[in-house]
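Sequence lines, in order, name chains A and B.
Taking the working numbering, the leading residue of the first sequence gets 3, the next gets one more, and so forth.
Taking the working numbering, the leading residue of the second sequence gets 69, the next gets one more, and so forth.
Don't read these hints as lab results, they were simulated from the structure.
None of these values were measured; they are calculated from a predicted model.
Wrong hints could be hidden among the right ones.
[To be verified] Simulated crosslink set (DSS-like; lysine-lysine; CA at most 25 angstroms straight-line):
1. B:K166 to A:K116
2. A:K116 to B:K246
3. B:K166 to B:K102
4. B:K245 to A:K104
5. B:K166 to A:K104
6. B:K246 to A:K104
7. A:K116 to A:K104
8. B:K160 to B:K102
9. B:K160 to A:K104
10. B:K102 to A:K104
[To be verified] What the simulated footprint calls covered on chain A by chain B, stretch by stretch (three residues with Cβ under 8 angstroms from a Cβ of chain B suffice, anywhere in the stretch; the number is not a length):
11. 9 to 20
12. 27 to 33
13. 40 to 46
14. 52 to 60
15. 96 to 102
16. 108 to 115
[Unchecked claim] Over 10 angstroms on every C-beta distance to chain B, these chain A residues come out as not near it, computed from the model:
17. G65
18. H66
19. L67
No residue lacks a Cβ here, since even glycine has one placed at the ideal position from N, Cα and C.
What follows is each chain in one-letter form.
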Amino acid sequence: MDALLHISTLHYLVLGAALFLLGVIGVLTRRNVVIVLMSIELILNAVNLNLVAFSRYWQGMPGHLGGPAALHGQVFAIFVITDAAAEAAVGLGILIAFFRNKETVNVDEVNLLKW
Amino acid sequence: MNPVTANPPVATAFFFYLLAATMIIGGIMVITRKNAVHSALALITALLAQAGLYLMLYAPFVAGVQIILYAGGIMVLFLFVIMLISIERTVKERQFNKQWLVGIAAAAALGGLFIAVFTKGNALFPAAKVVNYEEGGNTQAIASLLFDQHAGMYMFAFEIASLLLLVAIIGAVVMAKKRI
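Construct all of the structure, not just a fragment, from the sequences and the given hints.
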């Protein structure tokens with residue numbers, strides 16, 4: 003009970019793992035490209051949660067790697083958010099071009115490059 | 069003043085489980101809703117709950133960036149694209165492909181891996197201690213990591229990120245434009 007009520011880094015990691023799994027299931031099973039992209043956003047956010055949780059973990063650690071200035075995880079999370087923005091812009095651009103050509107948004111009907 | 073014991077956060081467990089439940093339910097709704105607009109709204113809910121978790125992790129700057137960039141920027145982009153493509157027809161279509169067996173197998177394998185790592189590595193992740201900041205210290209510390217000439221080690225990565233965004237802007241315009 004105490005392990006459940008005392009929130010530690012592990013709790014955030016388990017939550018991040020659950021979100022990651024939800025994203026993986028969404029990417030693998032959905033047909034709609036928009037929802038596949040949203041599932042990728044879920045995966046990136048799970049990773050971000052882990053990064054910030056580990057940053058918090060290192061802030062509580064002694065030594066020159068730890069201490070209150072150990073914010074590398076948060077900086078990495080900001081870079082991941084930047085990547086997510088770029089990925090969403092390019093992915094949705096591809097989606098619009100694809101919808102204009104094929105009149106569908108289903109990933110399993112994307113077979114132009116299939117040999 | 070001892071920084072470890074001073075000013076412990078209140079009701080941490082309750083808010084953690086509330087926000088975690090919001091995120092999990094939002095995530096489940098993202099991957100199960102038929103209408104893509106409903107998925108987008110569920111994703112916004114999950115992302116806002118995650119911003120709350122960032123606040124609980126003493127990362128107010130990342131929480132602000134999360135709200136402004138994700139809930140304010142990326143999700144608006146998603147909603148615009150959902151409006152551009154026709155949703156009436158896609159709602160009536162089959163929503164899941166035939167790979168659900170592969171999906172469940174992959175999720176089970178990954179979940180088993182996570183469970184193994186977390187149970188074996190339990191002693192590696194003890195509870196993080198409470199650290200108090202001065203007011204406004206977090207944003208300043210992140211800025212000095214990003215921009216400071218001497219202490220900052222992410223200046224080059226920051227410039228590369230700006231280049232990445234430029235490439236993404238040009239790529240998105242090239243992709244979405246009918247005739248260049």
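Ascending list of hint numbers which this structure does not respect: No numbers; nothing is violated.
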